[in-house]
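Chain order of the listed sequences is A and B.
Heads up, the first sequence is in our numbering, so the first residue is 47 and it goes up one at a time.
Heads up, the second sequence is in our numbering, so the first residue is 546 and it goes up one at a time.
Treat the hints with caution; some may be incorrect.
As the list claims (entries may be wrong) - Per label pair, the in silico range of CB-to-CB distance:
1) A:Glu140 to B:Glu715: 43 to 49 Å
2) B:Gln626 to A:Arg74: 44 to 50 Å
3) B:Ala652 to A:Asn147: 39 to 45 Å
4) A:Val171 to B:Arg638: 38 to 44 Å
5) A:Lys108 to B:Asp760: 50 to 56 Å
6) B:Gln577 to A:Asp86: 31 to 37 Å
Source of the hints: derived by calculation from the structure; they are not laboratory data.
We treat Cβ as the ideally placed atom computed from N, Cα and C, and that holds for glycine.
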Amino acid sequence: MNVQALTARLLALVAIAIALQGCATSVRMKPTELPDALVDQWPLTAAVRYDESLVNFVYEEKLASGERYSIDLGPASQQMFRAALGQMFETVIEVEPDATNIPPVDLLIDASVAALEFVTPSQTVTKDYAVWIKFNVRVFDNTGKVQAEYPLSAYGKSGRNNFMTNGEASLRQATELALRDGAVLLLTRFDVDGGLRGRQLPKVARVANAPLPTPAVPVATEPTPESAAKEDSNGSDETDTAENYL
Amino acid sequence: MTGQRLLTHLTVAALLAVGGCSTSQTNVLNAQQMPDYDGESVVVLARSYHTGNQTESNFTDCVVNALGNGSNRINVMQSGQFIDAMFPWFEPRTAPNDIGDMPDLLANDRVAKRMRDTGVRYVVWLDGNTERPGGGGSLSCAAGPGGAGCFGFAWWENDSDYDAAVWDLEGQKEAGNIETRVNGTSYLPAIVVPIPIIARTRATACKDLAAQLRDFIGNAGGA
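If we strip away everything but chain B, and leave its shape as in the complex, we get (with noise of 0.2 Å):
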C-alpha cells in the first residue's frame, strides 16, 4: 500500500514537472511606420465565417479585455457596437475582405461619416483558431457503493494558430501583421482522482498577441 502511493505521488510530481508545458512563438511582419498613439479607438473583429472558420469569440473577448487594461492601455470600441454603428457594412457577409476594399467603401458619404464619429483608427482582424491535432491515452472512472475512482492516463495536444492584422483607417493602409503559435500538451493521469495538467494554449496565444498589439499600436506604451 506505502509502495502504491509512493507510486502515485511520484508520478503526479513527474507530470506536474514536465506536462502541460507549452511553446510560443510571435511574429510581427509587414510592419509600417506607425504614428504616435494620440488615444485614438481601435476595433478587434473576427475574420468572417464566410471565409473559413471564425476565431472564436472568448479569444478575441480575451485580446479586447487585455488591450483595453492595464497601465499603458489602448482605447477598444466593443466590436458589436461598432458592427451596429456600420450596419450593414460590416456584417460577415458584407465585411471588406481586403484593405484595398475600404476606399470604395468610405466613398459612400454616411458610411465615411459614421466611421469619423465611431472614432476608430485601427482595425485590428483576428484570424485563427485553437485545435487539437492529437491525443491519446485511456481513462475510465466508476462509481459503486463505496465510493468512485478513476484509473488511466490521457494526453492531448492543442495547437493556437492567430494572425491579427492591422489596418490603418487615416492612411487606408494594412499597418502591419502579427502572426502567435502556441503549442501545448496537456495531460489528465488518474489514480483514484484525475489530476488535470492543461497547457492553456489559447490564454497563452491571447496574452502574447495582445502584448505584441499593445506595443504595435500604442508605440510600447506611448499613450
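Chain A extracted, bound-state conformation (with noise of 0.2 Å):
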C-alpha cells in the first residue's frame, strides 16, 4: 500500500468519525445555583424525599432523523428542589427514599421526575431548542395524610442565534432554564397546587403572639396503637405544628 491510498483511508476514517461524532448530542447538567428568591418563608418544618429519579435521570432518544440525544439531569434536579425549598420553609430535612422513621415535620413531600421531552430546530424548523421536564410532587400533612399530589411541568427554550452556537450550548441552556422554571412553579405556585392556600400561616399567630387557632371540627377516627402512641409521644406541646394551622 502506497503512502497516498494510506493517507486516503485515514482521511476517510477521520472523515467517518467526524460524520459520527456530529449525530450525536450529549448533554450532561451540573448543579446550579438559585438567586435569593424574594418570597415569604413559610415557618413550617419540611421534610423532603428525593426519588432516586431526582438523582439519577438520563434521557436518551434517537430521532427519525438518525440523530442521538442524550440529556443527563444528574444531581441537578435534587439541587433545584434543595435550592427552592430550603427558600420556602424555614427548615427542610432530607430523609432517605425508603425512610420509615421520619421525625416529627409539618409537611413531607415527594419528588420524583417522571418524564423529560426536547424538540429540536430540526423538528419544529425554528433555530430554538425547547426542553420539557415533568416532575412528580406529593404532599403529605403532618398525620401522613395527601394533601397534593400534582405534576410540576417545567419548561425552557433557547435558540441558536448564529453559526457559532452549537445545538450542545443551546439544550444545555435550554435544560437550565427547564430547571430554573421547575424552580420558579415551586417558589409561586406551592401554595396553590402544594395545597397551602387558604389555610392559616402560623407566621401570623407567632408574629402577633396571639392565641394559636385550633382545629375546626376534629376527624373522628378509630385510635389504632401506633397514633395513640404518637400521640403520647407528642405531649400537649403539639399545638406548635402545623397540624393546627393546616
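Two chains, each in its own frame: build the complex with the hints.
Okay, here's the thing in C-alpha cells:
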C-alpha cells in the first residue's frame, strides 16, 4: 500500500468519525445555584424524600433523522428542589427514599422526575431547542394524609443565534432554563398546587404572639395503637406544629 | 476567456451596486411626556418565550451595547443581573405582561425595595425577531484534485421587525412604544468564488431602535 492510499484511507476514517460525532449530542447538567428569592418563607418544617430519578435521570432518544440525543440531569434537579425548598420553608430536612422513621414535621414532600421531552430546530423548523421536564410532587400533611399530588411541568427554550452556537450549548441552556422554571413554579405556586392556599399561616400567629387557632372539627377516627403512642409522645406541645394551621 | 472575465466583473459590479440594500422605518408611538433624564438606570428585557417567539439574545445584547456606549449613553443594567435580583418575578413564566400588572407586584414590600435598590426606572421590553420570508436561486460547489469552485446565484430576503415598549416604573405608566421595520435582500453570486452581498437588516434595526430609545429616554442626550 503506497503512502497516498494510506493517507486517503486515514482521511476517510477521520471524516467518518467526525460525521458520527456530529450525529450525537450529549448534555450532562451540573448543579446550579438559584438567586435569593423574593418570596415569604413558610414557618414550617418540611421533610423531603428525593426519588432516585431526581438524583440520576438520563434521557436518551434517537430521532427519525438518525440524530442521537442524551440529556443527563445528574444531581441538577435535586439541587434545584433543595435550593427552592430551602428558601420556601424555615427548616427542611432530607430523608432517604425508603425511610420509615421520619421525625415530626409539618409537611412531607415526595419529589420525582416523571418524564423529559425536547424538540430540536430540525423538528420545528425554528432556531430553538425546547425542553420540558415533568416532575411529580406529592405533599403529605403531618398526619401522613396526602394533601396534594400534582405534576410540575417545567419548560425552557433556547435558540441558536448564529452559526457559532452549537446545538449542545443551546440544548444545555434550554435544560437549565427548564430546571430554573421548575424552581419558579415551586416558589410561586406551591401555596396553590401544594394545597397551602387559604390555610392559616402560623407565622401570623407567631409574629403577633396571638393564641394559636385550633382545628375546626376534629375528624373522628378509630385510634390505633400507633396513633395513640404518637399522641403520647408528642405531648401537649403539639400546638406548635402545623397541624393546627393546615 | 477575456470575455468571460469581463462578464464576471460586470456582474459583480452590478450586484455590488444594487444588492444588499435595505429599507428601514422607525416610528415612535403613544409617546408620553418624558421627564429630564437624570442618570436613572434602564433595563432591556426580551418578552417571554411563553408569549411567542422570543427576541434573539444577540439583538438584545446589541441594543444594550448601543444604549450603554457613546457620548450620550444611558445607564443600562445587565438584564441577567436584574432578573436575578428580582427572582422569581421577572422569569419567562412570571414576568409582567402589562404595565397594569406592576402595582400588584410592587405591592410586595420586598419586591418594591429590591426594585428601588436596583436603581432601575425604565424597563424596555423588546419584542419581535428577524425572519426570512423568501429566497431562491441555485448555487453549487465542487472540489477536485485540480481545485474547487462554485457556480450559481442565490438570494434571500430578511425582515427584521422589532418593537420596544418603554415602562416608567416611577410613574407606573407605559411611556411609549418604538417600532422598527427593516427589509432587505441579500445576494450570493458565485463564479468560482462566492461573493456574499448581505443586507444586515438585524444590525440596522438594532442601530435605529437604540438611537430612538436613546433620544426618547435620554431626551436627545440630555444626560
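Which numbered hints are broken by the structure, listed smallest first?
Of the numbered hints given earlier, those the structure breaks are 2, 4, listed in rising order.
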